[in-house]
Each structure stands twice: as structure tokens, then as C-alpha cells.
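Trainee: Chains as they are written, first to last, in our numbering: chain C, 1 to 434; chain X, 435 to 578; chain G, 579 to 1009.
By construction, these hints were calculated from the structure, which means they are not laboratory data.
Take these hints with a grain of salt, some might be off.
To be verified - Derived lysine to any residue pairs resembling SDA-like cross-links, with alpha carbons at most 20 Å apart:
id : chain 1 : residue 1 : chain 2 : residue 2
1  : C       : Lys387    : X       : Thr474
2  : C       : Lys394    : G       : Lys971
3  : G       : Lys976    : C       : Gly113
4  : G       : Lys986    : G       : Gly903
5  : C       : Lys391    : G       : Lys661
6  : C       : Lys399    : G       : Arg750
7  : C       : Lys394    : G       : Glu967
8  : G       : Lys661    : C       : Gly113
9  : C       : Lys391    : G       : Tyr934
10 : C       : Lys391    : C       : Ser328
11 : G       : Lys782    : C       : Gly113
12 : X       : Lys451    : C       : Gly77
13 : X       : Lys451    : C       : Met197
14 : X       : Lys502    : C       : Thr352
15 : C       : Lys401    : G       : Lys661
16 : C       : Lys98     : G       : Glu743
17 : C       : Lys391    : X       : Ile466
18 : C       : Lys394    : G       : Arg750
19 : C       : Lys387    : X       : Ala460
20 : G       : Lys661    : C       : Leu349
21 : C       : Lys98     : G       : Ile1006
This is what each chain is made of:
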Amino acid sequence: MAKYWNPEAECMSREQMHSLQSERLCSKIKEVYDSVPYYREKMDQAGVKPEDIRSVDDLHLLPFTSKQDLREAYPYGLFARPNKDIVEIHATSGTTGKQIVAGYTKNDLAIWGEVMARTLTAAGGDENSVVQSSYGYGLFTGGLGAHYGAQTMGAMALPTSSGNTERQIRLMHDMGTTILCCTPSYALYIGETIRDMGLDINEFQLEAGVFGAEPWTVEMQHEIERLLNIRTVDVYGLTEIIGPGVAFSCDQECGIHINEDHFIPEIIDPETGEVLPDGTLGELVFTCVTKEGMPMMRYRTRDITSITHEACACGRTLARMKKIQGRSDDMMIIRGVNVFPSQVESALLDITDVAPHYMLIVDREGTRDTLEVQVEMTEQFFSDEVKQLEKLEKEIFEKLKSALGLATKIKLVEPKSISRSEGKAVRVIDKRKK
Amino acid sequence: MMLVKQISVFVENARGKLSKVTEILAKNGINIRALSIADTTDFGILRLIVQDPDKALAVLKENEITVKSTDVIVVEIDDKPSGLNSALVLLRDAGVAVEYMYAFVSKRENEAYVILKSDNAEQAVKALTEGGVRVVPSKEVYEL
Amino acid sequence: MKYFQEEIERMPREQMRKLQLERLKHTVEDVYQRVPFYKNKLDEAGVKPSDIQTLEDLRKLPFTTKEDFRDNYPFGMFARPMKEIVRIHASSGTTGKPKVVGYTRNDMNTWSDLIARLVYMVGGSDEDIAQVAFGYGLFTGGFGLHQGLEKVGATVVPMSSGNTEKQIMLMRDFGTTLLIATPTYALHIADVLEEMNVPKEEIKLKIGMFGGEGHTEEMRKILESRLGIISTENYGLSEVMGPGVAGECIYQNGQHIAEDCFIIEIIDPETGEPVEEGKPGEVVITTIKKEGIPVLRYRTHDISYLISEPCECGRTSRKLAKMQGRTDDMLIIKGVNVFPSQVESVLLGINHIGPYYQLIVSKKGYTDQLEVQVELTDDSLLDSFSKLEALEKEIQHKLHVVLGLVAKVKLVEPKTIERTTGKAKHVIDNR
């Protein structure tokens, strides 16, 4: 069993990494300045020229990029290559202008396969592995990301996609899956369903799990390891940067290694934008130095964590970040899907002119995240026939599914049963344990 | 006036939700003549025939309860086998569909009342009346 | 006209036949050595690999059926060790277990080549923005097209199926030029476009590559005028590869067969004998370039005929006409293959309901709908609406597990489903 997929990259000295990052950063900045008018304008406004960036130490001179920039540039404004060179598109959920769109060239897909192969190798995978990707396939980066990693590594990819849990489990058993890729909460759910189906986990070939796309605690990690009798790897990523594979954990349980030869991390103070030293909690920021399709400059992830550059006992020298500690905005992650309360509101506005009062109740049923959307009944909606109200529930359900990419439970409630507060309305109750 | 105003109330399936409605009606001295509940897992629809539907509507609205009125018809049925059947046969033959119905027994002997919601109230009244089934005028229903 | 692999696509007939024979011999030898299932089958039929000396000798080989896939589930038909298999796909089998296929790296490469040929055939290129509205996952549709489009260098938008409003939003925002879908789903998209009053100029579609089910000429005309596209169809099944077995060019008169990879025969489904050239019969496919799971004389149960006249596009391959029907009871609903026997196996495992059932297939607008009617036999459930709801949900969930399709479940009173003395009528297809 190989320990590293790419030992040169994963275990290089800090000096080497510094010079590699510097070299890549300088040429990437020149490139985006020339090919992306949006960045050029931003840099001009900030009074920074590509020549000012002489090493990775000058990174802090560059302006930040935010979700807002991506929205303004929607859909293709931040692409650094013509459509001819773009071979794949991914996107987050959301409506026009609200979703994040990312474009990949053939090289970008190769980088993605590479960083996911590193992740799968850290999980103990090799060409003999059977990798079941139970993330959703499609515009979501989860399914295809895990898939590309498996193919790069030469393993057998089993693209079951998400949902239909009993079928997943039967295939996992029959196909002899050795590595499972999905969200941690879905892994727990799979574990429990295996138990409920009366199957014995020891009759499965499962060895490891690569889980991510939502934050999970160490307790949950141990619970999954016990339930599925596997070792686990925490994989971190976001569509804006590449998808899953930006960072991955090793067997030392001491943080998540960032593939910093491709994505340079910084931690900043979310208020002031100032760069914070190692070990201090702040907002995670990434700069892509190898991506061609959509190289992000100092992208603010809104994820709160800290990083360290100390070498790890596993032998990797890649910087490590802690598990995500929180968000600096109101985004929630539900079953791996990013949800903003504002998306719910605009979907409800599609059904009626006046948005009814609503509230999102996020909970965990057993191991599965649930999102209940309570909508206050109004006279405009009300009918004395059960089937009409059921139709209304179904319509709201479909609208939200379309907007969020997530199945929700719709509950029609009596007027005024959702509490009003002074000032900012409480729209979300998150009952999940942090 | 053959059409009767029925009050429909949205109630969540939770403890105490039903009594909240009946309490408001009681406080305002409104008598309930007949009722039925259609329920699903999450919510129910309480359908009421009351003595003073306009007042009931007003007081329920004042209390921020989701309520609306629907026109239904009330049919007098002989309290004997096949009593209901003859009325339904008339509607079927006239091509009128019944959305839902419920019954209550009158204080007078040998008579029962059936409340019907149909997809075409006017035609339903016509078919029943012509077939010799008595449709009870609204005024009489409220005063029962 | 541009060709992706001109040398193969315009190969003279004689040369192609030579190539086919060579590859056929190799395939038969290969499976005889590597797959015990085929060795037994050939031995039983008294055929040795060395008996295959001409293309006509193909007829000496026994047929392979979908039941063979079931009996050898999951990996019994594989001709390579798992180490060399890099991908698994599966399609629904006749009962609960799927038909499983495995691909080596070479297979993956061949597959994407075949799709890339189709893309060129319909006038696609690296300038296109291609929206794939097929399901991804174990189903071969999404992935198959995705890889070939990527090979051509088109911009692939892996939208996957469903969520029509979002499909349309992306189509407008991204300027999608090439749509991959089932033809009925494309029609549904056209309907929703109209409902949403999307101005025609905001839709940049030029080409439709449709598959998963056939489309009639009437449907083609409607699609072309309403979406402003050239509408083409292609054919494939996961047992032999997935999409890419055959596909139409812009001249739209038959689907060019990838004859360097597949030999197609048309047989009489009753006798198993070949039918006269150009006459309809059951399509039988032999793969001659597959490594992971080569298949000899696979009976597809699809009915079609061969077209041998040369095509205006300059390709020399024979063509497969539009599918004319099925020789078994398989239904295609929203592009998903459904066998009544699968539904039966699910229903028999559920309490409170009777053994009688009926599938009602219909179209709502252009979208297929499947309703499963079952008789409620346990009247103790009658007083509780929520218990009935729960039962319906249970049936729906279990059907979804096996069919991969959401069906509407309708509980009906006992004795309402028609009893017949002979073979029960399980399907009413109102499409």
C-alpha cells in the first residue's frame, strides 16, 4: 500500500514549497491580469501591478475575491480561458446569479484527479480499490470529484450517486466496495441502515471512507469508524476552488493537509482583512496557482478555521488546517448542500406575490440532516379541500427542491405560530449538535 | 336560498389546536350545528355548519385563524335504508361529482341531514329537487 | 463534413469486413479462454473458437440473454480481473438485481471515441456548450455522453436529469447549444419554455442528441420547430457499452453503426435465424472490441432493420433504422427500462395488499407517468388516513429502490383490478 500518491509534492521541504508557490503565483497573476478583465480592473483599482508580486510573501498585496464577485461576473466573467478550452462546468445550487459557476479545462480536470488521488491514497486506496461514490453526480462537484480521483488512481469507480440507500448497500456488498465517498451524515445513515437491514458489516469489504462536503465533529468521525469498521479521511473543498480535494486528512488526526502546491491558503481577520499568524482562528482564503479555467485570487471562503505549517508525523509537509469551526455568513450546510435562507424566501415569492412567514428548522433525524420549512397559512393559500392543500405543499416542495437542490419537509402552520422578533427575524433554528 | 355557508378552518395536528377554535366560538355564543374533520399527518381541515356563519367568520378572523367559507348544500334524507342512495343516484345521473360529505341527525324523528360539497352546486340542487329529494334552505339549516 | 476518426468511419466495406472478422476471432478466443461461462456455453454448443473462419460463422455461436447476466451476477461475465476494471455501470434487470457491466481503461477510451464520432456526426465541435440532461451514476447515459463530449473539447454542463426550471435557467445563462436528453424530456423542456414565456432568441440551442428511447418522425418535427434544433437520435445499451453503438448523422435517415466495435445481426425472434436483409427482426449484438465484458450475440429484444444504402454524409457503415418495438414486455418510462416482473417482486414482499396489480403508463404533457395500482386487502387500515399514506409511501419507496423511478401508487378496493382467466394484463400503456 503506497503511503503517498505524489511524495515529491506532498513531502517537499518548506523552502522548495515556498519557491514553487512563488514561481507559480507570479506567472498566474500575470496571466489573469492579461486574460480576465475583471481581475485587471480590481488590481488596477487596488493599485497593484503583476510585477509587484515577486514571491508568495507578496500575496497580501492582492485584492480579495468574494462570492459577490462571482455573482457579478455570472456566469463566465471570471473564466480565464475561452469556452473552446473549457470542457466541463460545475455549479452550486441557487437561482440565476446566485449560484457559483466554475469552468474546467482538460488540465484542470487532471489536477482535480491528482488531488483526489492523493486523498484516496491517504485513505489507503490503490489500483485494487473499489471506490463507491455516493455523492450526487451532476453539477455538484462531489460525485465527479471522487470519481476522477478513483480513475486517476486506477481504482474501479462505482458511480452509485446519492440516494436510494438500500440499493447502495446491496451494491456495496455485492461489488465489494473498499472505499466509500459521501457526506459524513450519509455515511452514518448508511451504517445505520445496514444495521436495520440486519446485515453484518464484517461481510462487507469496506476498508475506508472519504467524507466531506459538510462539517463534522471528531465524535461523529469515531462513531462512523466504529459503525462501518473503517478508517476515515476528511476531505475539504469548494466548487469555487476546484471541488473536493482542496485538502484531506491523514492517519494522524491532526488536521487537514492542504494541497498548497495548487491552492495557497491564508487565514485572515474577516473584519479587517488582515492576514493572521499560524494557529489563530480566522477566515480561510485560497489562491489558485495552477488552475486554468477559473483561477481564483485570494478567494474568501467564509469558513472559519486556523492553519499550521509545521510538518506532520505522517511525513507530509503540506500545511494543515483544523476542521471547519463555523461560518462568517448565514450559510448552512444540509446533507452536503449549501443553503442560504434567502434562497427559500425567493422560492416562496415565486408562488405568491407576498412571501408568507416562514422558518427553517434544521435537525438531525438519527444521522440524517433534515430541513423542515414551516410556512404560515394565509387566506390566499387556504382551501377547504385537503387535496388542494396537499397540492400546495407539493408545489412548495418542488419549488424549493428546484431552488435548493434538496428535498425538504414542508409543514403548513397556523398564522402567527412562527415567532416574530424585533429587528432581524429569526428564520433558522438549527437543532443539530455543533 | 338553497346554498349553505360552511366555515372551514385550518388546524395543525397538535394538541389544543381544536379547542382553541371551539373556545372562540363558545365565547361569542355561536352554536355549532354540524361538523367534520378531514385530517392528514400534519394538518386538518375543520368544517363547521354554525348558526351565524358571518359572525363566526368575523370572530375567527379577528383571532388570526385561517378560515374561509364554502357553499355547500344540505339534503334531507329519510332515516331508512336506501335513503342516501336515492339522492346519490340522482346526482350521479346528472353528472355531478361529490367532493365530500358528512351527515348529522335532526332533532325530529325519522330524518337525517347530509351535507354535500359538489363540483356544481346549482346543478346538484336542480337534480335533487326535480328528483323529489328535499334540499334544506339555508335559513332553516342555521335555525335547526 | 468533419469526421472524428475518418479512417474507420469511411473505411471501404471489404476492409471493414476483414477488420470485423479479425476482431471477432480474437474476441471469441479471448472469452473462451477467460470466461468460464462462455467456455461452457461454446462447449455445450459444440463450437470451438477455431470454427470461426468467416463472418457468417458468427451464426454458429450461441446467443447471450439478459437471463445470463442475472445468473452470473455480479461479475461472472467479466473477462478481466478487477485490477484492470476501472468503471462499473449497471442497468435494471428483470427482477431485483441489476445487470452489471465493467470497463477497462481501453474500453473507456473506445467508448468516448464512439461518442465523439456521434458528436461530429451531428455537427458538434469544441465550440459547443453541451448540457447533459441524462441521469448520471450507474446509468450509462449521462457518463457516456459526458466523456465523449469532453473528448471533443465541448464545454460539458453535467446538469443530470430533472429540475426543468433549472435546466432552462442554465440553458439561458450559459448559452447551451447542444442538448442531451430523452426526446420526451426535450419536449417537456419545450413546454416549460413556453409556459415561462422565454423569448426564443434567449435560447441558443442548435443540436439535440436524443437517446434512451426512440422518437417518432412527428416528434422530431415538433422538437425541431419548437426548440429550433436539428434533432437526432442515437442507440445503445449498457450490456454492450452504453450509448454510442449507433447514431444518426445530420441526414437523419438511420443510425450509423460503429461496426469496428459491434457486429449487428437481425434475427427472427422465434426461430433465431437471420432475416432477409432490410427486413425487421430482433437486433442481436456482438462486441468485438470490448475487454472488460465482451458479449457474444446479445439478444437486445429491440426490433429494427438494417439500412445498407450509402449515406450522403460519406460514412460507409451500415445503419440501424429507428427502433420499431420490443419482443418482450419491457417498458421504457422516462428513459428507464422497467419490467413488470420487477414490480411484482416488490409488491409480493409487502403486507396489507393483494397479489393483483396493474401498471398504468401515461403521458402528462410529454412526460411519462407510471401509476401502480394495487388492491388494499387489509381493511383494518381504513380508519386511518395516515396509515394508508404510510403504506403508499412504503410501496413507493420500495419501487424506487428497485426501479430507480418514482411511481405514483394508488391503493384500490379489492376486486377492482380486472381478473383474466389467461395471462393477467399487467400493463396498460396509454401513451
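Trainee: Now tell me, hint by hint, if it's right for this structure.
Mentor: Against the structure, the hints:
1. C/Lys387 x X/Thr474: holds, 10 Å
2. C/Lys394 x G/Lys971: Status holds; Cα separation ~15 Å.
3. G/Lys976 x C/Gly113: violated, 35 Å
4. G/Lys986 x G/Gly903: violated, 25 Å
5. C/Lys391 x G/Lys661: violated, 51 Å
6. C/Lys399 x G/Arg750: holds, 19 Å
7. C/Lys394 x G/Glu967: holds, 15 Å
8. G/Lys661 x C/Gly113: Between G/Lys661 and C/Gly113 the Cα gap is close to 19 Å, so the pair holds against 20 Å.
9. C/Lys391 x G/Tyr934: The hint is violated at about 29 Å.
10. C/Lys391 x C/Ser328: It is violated: about 37 Å lies between the C-alpha atoms, which goes past 20 Å.
11. G/Lys782 x C/Gly113: Cα-Cα ~32 Å, so violated.
12. X/Lys451 x C/Gly77: Not OK: X/Lys451 and C/Gly77 at ~53 Å, beyond 20 Å, violated.
13. X/Lys451 x C/Met197: Violated, because 38 Å separates the two Cα atoms, which is more than 20 Å.
14. X/Lys502 x C/Thr352: Answer holds: X/Lys502 to C/Thr352 is near 18 Å, not above 20 Å.
15. C/Lys401 x G/Lys661: Violated - the C-alpha atoms of G/Lys661 and C/Lys401 are around 39 Å apart, more than 20 Å.
16. C/Lys98 x G/Glu743: Measuring from Cα to Cα gives roughly 15 Å; hence the hint holds.
17. C/Lys391 x X/Ile466: Given that 20 Å is the threshold and the Cα spacing comes to 29 Å, the pair is violated.
18. C/Lys394 x G/Arg750: Violated, at roughly 26 Å.
19. C/Lys387 x X/Ala460: Given pair C/Lys387, X/Ala460 is violated - Cα atoms ~30 Å apart, limit 20 Å.
20. G/Lys661 x C/Leu349: Violated, at roughly 53 Å.
21. C/Lys98 x G/Ile1006: violated, 44 Å
In this structure, the hints that do not hold are numbers 3, 4, 5, 9, 10, 11, 12, 13, 15, 17, 18, 19, 20, 21, in rising order.
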